[in-house]
Amino acid sequence: MMRRKREEKELQTAQVSDLCRRRLLGYADSFHELARSYDREFVPETDDREAVLAQRRLWESRQIISGHLEEMAKIMTEAACEVLSFHPMENRKRRLLTQALAEEGIQVESPHYLPREDGRQAVVLTMRTQRGGKVSAEDAADMISVLLDRRLMPAADTPYVVEPDPQSFILEEEAGFLALTGFARATKEDETVSGDNYAVVESERGRVTVMLSDGTGSGERAGKDSERVLDLMEKMLEAGYDIDAAINMVNTALFAAGEDINHPTLDICDIDLYDGSCQLRKVGGAATFLKRGQEVERVAMGNLPLGIFGQMEILPVERRLQDGDYLIMVSDGVVDAFGEEYEDSMGSVIAGIQECSPGEIAERLLRFALCASGGRIRDDMTIGVIGIWTA
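Going by my numbering, the first residue of the sequence shown is number 2, and it counts up by one from there.
Keep in mind the hints are simulated off the structure, nothing from the lab. Keep in mind that the hints are not guaranteed to be accurate.
Claimed, not checked - Each computed DSSO-like pair below joins lysine-lysine, with the alpha-carbon atoms no more than 27 Å apart:
1) K236 <-> K225
2) K236 <-> K75
3) K236 <-> K292
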C-alpha cells in the first residue's frame with residue numbers, strides 16, 4: 002500500500018538538453034543586448050523640420066524593432082527553461098491499459114500523466130499497431146477513455162493514426178465546449194480572386210482561433226495581401242507568440258514596407274473551449290455579432306487597419322459563451338451591401354435565423370446581403386459563423 006502511494010506521488014521531469022539550453026539562453030542574451038542598443042531616447046540632431054520628422058520616423062522604427070527583439074528573447078528564455086513535469090501512471094491502470102489495447106492490436110509503452118497549468122491532466126504515451134494495420138488516434142483515445150474513466154481526445158498536434166512504427170501521442174481532457182465553423186463567400190464582380198481570406202487555428206490546449214482578413218481593394222493583389230497576413234499570424238502563434246504580440250509583429254512588417262495602399266484588416270476570435278471564454282480583437286475589421294437565441298449583440302472596436310502606425314494597442318473585448326451561441330464575423334463587403342441600415346438590418350436578419358448549422362447560417366446571411374445589394378457584388382463578401390455547443 003505504501004509503495005503504491007509512493008509511486009503515485011513520484012514526479013519526473015524532462016527538459017531540453019543542457020547544450021541546447023545554453024545555446025538558447027545565449028541567443029536570448031544576444032537579442033536582449035541588441036534590443037537595448039536600439040532603445041534610446043529621441044534627441045533631434047538638427048532644427049530642420051523635415052530632417053527631424055525623418056529622424057523621428059527612424060527612431061520609432063528602432064523602438065519597434067527593440068520591442069520585437071525583447072519578445073524573441075523572452076520566448077527563447079521560456080523555451081530554454083521550460084520543464085515538463087509528468088507522473089507515471091499507477092501500476093494497476095498501466096497494466097489494464099496495456100493488456101486491453103494489446104487485445105485490440107495496439108502496443109502501449111510508457112503511459113504518463115502530464116499536469117497542465119489549470120489543474121487538468123493530459124495522458125502521454127507511445128503507441129504502435131502490432132499486426133501491421135492502422136487505427137485512428139480518436140478510436141484509440143475512445144478506448145483509453147473507457148479504461149481510465151476519463152473523457153480524452155487527441156491533442157491538435159498529435160498524430161492522426163496509430164501505425165506499425167511507434168509514435169508519441171498526447172491525449173487531452175475533452176473540453177466542455179465544441180466549436181464548429183462555416184463560411185460563405187462571394188467574389189467582387191469582374192474579379193476571379195477574392196481579396197478576403199480566413200483561417201481556423203486549433204491548439205493542443207483546447208483553444209480555437211478564427212481569423213478573417215480583408216485585403217485592401219479586391220482581386221489577386223488584395224487576396225495575396227490578406228493571405229500573407231494570415232500566414233504570418235499562424236506562424237507567429239505556432240512559434241509561441243501570444244496573439245497581441247503576433248498582431249504587432251505583422252503590423253510592423255507592413256508598416257516598415259511603407260506601402261500606402263496595403264492596409265489589410267484583421268478580425269480575430271479566440272475561444273477557450275474548456276470554460277467558454279472568448280476574446281475578440283479587431284484591427285480595422287467590421288463588427289462581429291453574437292447571437293444568443295433571438296437576442297443579438299453587436300461587438301465593434303474603432304481600430305485602424307494594419308500598417309498605418311508603427312505600434313498599436315489592441316484591447317480585446319471579452320465575452321462568456323453559452324451552449325447554442327453563434328458568433329458571426331463579416332468582411333467590409335457585407336457592410337457595404339446593407340448600406341446605412343447595416344446594423345439594424347443585419348441584426349434583424351440574424352435574430353430571425355432558425356438554422357443550426359454554421360455553414361447554412363453563413364450561406365443564408367450571404368443571400369440576404371446579395372438581396373440587399375440588388376444582386377450586385379461591388380466588393381468581396383465573406384461571412385464566417387462559429388457555433389458553440391456543450392460537449
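Right, here's what the structure says about each hint:
1. K236 <-> K225: Satisfied, since the Cα-Cα distance of roughly 16 Å is no more than 27 Å.
2. K236 <-> K75: Satisfied, since the Cα-Cα distance of roughly 17 Å is no more than 27 Å.
3. K236 <-> K292: 31 Å, violated
Hint 3 alone, counting from the list given before, is not met by this structure.
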